[in-house]
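Asker: Spelled out from the first residue to the last, the chains are:
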Amino acid sequence: MKLFIAGRSPRSDSAVENLRQILAGSSEDDFELTVIDVLENPQLAEDDFILATPTLIKVAPTPIRRIIGDLSDRTSLLRGLDIRENALPGEHTTT
Amino acid sequence: MTAPSHRPVLKLRTGITGFDAISNGGIPQGRTTLLARIQHAIDKVGASRVSIDSLGAIFGKFDNHHVVRGELLRISVTLKKTGVTSLMTVERNQEYGDIARHGIEEFVADNVIILRNVLEAESRRRTMEILKFRGTDHRKGEHPFSIVADGGIVGVPLSTVKLNHRSSHIRVSSGSNKLDTMCGGGFFRDSIVLISGATGTGKTLMATSFIGGAAENERSLFFAFEESRDQLFRNADGWGVDFKQMEEEGRLKVVCTYPETIGLEEHLIEMKKVITRFKPTRIAVDSLSALERGATPKSFREFVIGLTSFIKQQEIVGVFTSVTPTLMGGTSITEAHISTVTDTIILLRYVELFGEISRGIAVLKMRGSRHEKEIREFNIDHTGMHVGKPFRNITGILTGNPQYHQIPESERLQEMFEDV
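Protein sequence lines, in the order shown, are assigned to chains A and B. The first sequence finishes on residue 95 if you use the numbering used here, and the numbering steps up by one all the way, no holes. The second sequence finishes on residue 420 if you use the numbering used here, and the numbering steps up by one all the way, no holes.
Because the hints were derived from the structure by calculation, they are not lab data. Glycine included, each C-beta is placed from N, C-alpha and C at the ideal position. Misleading hints may appear alongside valid ones.
Unchecked claim - Covered stretches of chain A, as calculated for chain B (at least 3 residues, CB under 8 Å):
1. 33 to 45
2. 57 to 65
Stated by the list, open to error - Derived DEER-like restraints, expressed as beta-carbon distance ranges:
3. Ala21/B <-> Leu33/A: 53 to 61 Å
4. Thr261/B <-> Glu40/A: 53 to 61 Å
5. Val84/B <-> Arg20/A: 34 to 42 Å
6. Val45/B <-> Gly80/A: 56 to 64 Å
To be verified - With a cut-off of at most 30 Å between alpha-carbon atoms, the simulated DSSO-like pairs for lysine-lysine come out as follows:
7. Lys58/A <-> Lys44/B
8. Lys389/B <-> Lys178/B
9. Lys273/B <-> Lys2/A
10. Lys80/B <-> Lys178/B
11. Lys132/B <-> Lys80/B
12. Lys140/B <-> Lys178/B
This is chain B alone, in the form it adopts within the complex (with noise of 0.2 Å):
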């Protein structure tokens, strides 16, 4: 055996004002096994990058804080000085809590990245937070990013996307003529349409006839969360739109998926590569609704901030459409928290008059367009959507609570004419 020889205490300078001078040059230098192993690796490949994977791991046995408090300050140091740059990961017993077990881990690093898997409400959302960056600037807070099976770790910057995206003045067919008169001429190219109204109003047949009201060199993508692939191919076979024809093509692509499958998070990456692969020049999502299902408000909202200014930098016209709770009039939460992104809202509503059920449509808002102010009858028939005559002395249809008014003979009989 070999006698090791006593050796001088070698002091490691930290860089820390004022801890080097009071404690005599510096941390005793690191002679300990872990980082002689450490520097042995770096040495033995030349490695310029290091990662410990993960501290838990290796300071899990150690009961005694000091020692780890002292060795973990040793091994920042030391891995400092030989010039690689390393990664250490470090676990967490709780999402909102200390930063790191020991308490010491974000102090001797320059950079801390928190990552959070929190469950909120029922469904798990993983967040990327930089606490801390030491010399440049970055953006704070929490952001939500997935794992997915070829990309690894894909992030979702939503609060960073900005408002830069072109807008035109070309317009397309929404599908039908009478639609497009009402919006002054059709959907703007780039434009974030919303159709809101309660089940049955027929948002699924408008999405459905904005695909069909597609020109022949133009490609469709239909994002489905609510029917299937069958049910979605009859229903449009029902109203005159061959989705079949079309997809064989290649003008249409057809996604259908169960929104709880997977998250918000994923659902938004996994669009996102459809659009990016297929090229389409239309996008129908149906529904919004569907999708706000079992979300949290907040990624609910990031979802769809992300999804339509996604859209809009690829200058593609996007359908949704959105549920409202309630049968006559109302709004919904989801309309809440995408009005102000949406460019168009089209509201389809019930409308009870003396004991039967029609449908209004109307154009609530068009940006950057003239368009009709009046609540248009709407029917639905087996070659389907057809806009009809305004109600025209009827008020209180927007509240739920249409008043029929009588109007006098003259203008009656002058609207009869006006229609023939």
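Excised from the complex, chain A in its bound form (with noise of 0.2 Å):
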């Protein structure tokens, strides 16, 4: 997965911290990301064609999934990374 942020902002912040809640307790080796600020590397924004920050992109497994946004909406969040709410260890969530 890749984060794209633009530099260090309440919302970059929470775009990080909320991705962190979700996938807290799974293992390091589950996933892969990497936090990209599109101000020191714009090419790469470019090459992924990135409008509007935080993105997030799972690129693998495919089908690849963008979701726009400081990703608080853990619902949404999970389905777009086609993650079942019971399949992630711990705490229940009430929606």
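Reassemble the complex: the two chains are provided individually, in unrelated frames, and hints are given to aid placement.
Answerer: Okay, here's the thing in structure tokens:
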């Protein structure tokens, strides 16, 4: 997965934080996350056609998915990542 | 992963007096993805011009107007600072309404050009308007333009045409000796002649014999909007003018188009192109009324002014025909629009006398020359047009209500001897 952010801002911080919470409990081998700062690497943003940040791209497994926003909506984030709620270890959330 | 460091909020001066003061130095500097990408792209190729096509595609996904406004302002200010000339396109929801979707685009830009594609009288008409152009003068209002295959956007700057064409005293033949005499020696070489008459009065014939009257070293151009090429050639042949031979010798070019195929603006561009390429000394347009069909008065007027001024600047004689709606007398709307830009007006009218239809011809006006004031008889036969005697004892031909007056025997006898 690739997470594109534009510098450090409350929005990008919360995106990183939200993503970490969801993936908490999974082992490091389950996923690979790269955080890319588009202000420092604009070419990478160009390669992936990023117009707005934060954007999370799930590169593998296919299909490739893009999720735009600060990833605070847990349900749609999970749906976007093709992860079933009960497949995750830890707490059960109410919607 | 690399941990991005916190930076102090940098401000970007907008240059807007007052705003920079109250906002503590300007808007927050562009630390956004879009801006980073634009700047990166500029640096990559060393660009001096930037086109963004279109803002609507970029901001279409954003619901939040405040975000869009802030981003737009940031982009435009940054681009200005970078020293590039930038052009951004935005979509409009209505042809006449808000200038751009977010209601702010026109304020952040230095220059605003509006392109319209308006539906008028069931045909499309493209216009451009310069709404603002900071620091320089510009023409106001809508100006028609067209998009052509090998020229892209072609403006039709009609209202900018200046009245500065030269004027000559050289006369050329109208194709009929009698008509030349009526006009005081022929048409002026750079004049516009309007032939007005009801259907069947002989307008196409006059245009044809005008072409036929061209000298050996002249080149003629015939724009036909009413008849097909074959029809035109056959008819010309019937009047003793050999179009085919003239064309083979390279002295004639006939362009037949159906008026409705393209808009008036395109017609004008096409006609100008042909004129420039062929370099004729005579042009006949048959008829203007056909072109007027389905056009708004405004675009028709612009077309006529654009064409006449172009023809005059090239020192070409132009003969235009126009159809009057009524058989007897009357004027047409066409004439009302174009009579002021024409130098010579020739009227062809039906005259009903004792249950017979005959034709009358009169020179209504001729700028810069003496001309005959009489209404003469006008006949058509297999050798073309023939201008005959004046109608002596009839009044009311122009109004379409001719009245016959008995004339004394002595006068009639005198007239008979005059004509012999």
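Asker: Decide, hint by hint, whether the structure agrees.
Answerer: Against the structure, the hints:
With 10 residues having a Cβ less than 8 Å from any Cβ of chain B, the segment 33 to 45 of chain A passes the three-residue criterion, so the hint holds. For the segment 57 to 65 of chain A, the stated coverage by chain B is not satisfied: 0 residues place a CB nearer than 8 Å to a CB of that chain, which falls below the threshold of 3. Between Ala21/B and Leu33/A the Cβ separation comes to about 44 Å, which falls outside the hinted range of 53 to 61 Å. The supplied range of 53 to 61 Å is met by Thr261/B and Glu40/A, whose beta-carbon atoms lie about 57 Å from each other.
Under the hint 34 to 42 Å, the C-beta atoms of Val84/B and Arg20/A, about 40 Å apart, fit the expected range. The beta-carbon spacing between Val45/B and Gly80/A, approximately 35 Å, falls outside the hinted interval of 56 to 64 Å. Distance check on the hinted pair: Lys58/A and Lys44/B sit about 28 Å apart at the alpha-carbon level, within 30 Å; holds. Between the alpha carbons of Lys389/B and Lys178/B the distance comes to roughly 10 Å, so the proposed pair stays at or under 30 Å and holds.
Proximity of Lys273/B to Lys2/A is assessed by CA-CA distance (about 57 Å); at most 30 Å being required, the pair is judged violated. At roughly 69 Å between alpha-carbon atoms, Lys80/B and Lys178/B are farther apart than 30 Å, so this suggested pair is violated. A hinted pair counts as satisfied when its Cα atoms are at most 30 Å apart, and Lys132/B with Lys80/B qualifies at roughly 17 Å. For the given pair, Lys140/B sits about 48 Å from Lys178/B by alpha-carbon distance, which is inconsistent with the 30 Å threshold.
Of the numbered hints stated above, those contradicted by the structure are hints 2, 3, 6, 9, 10, 12, listed in ascending order.
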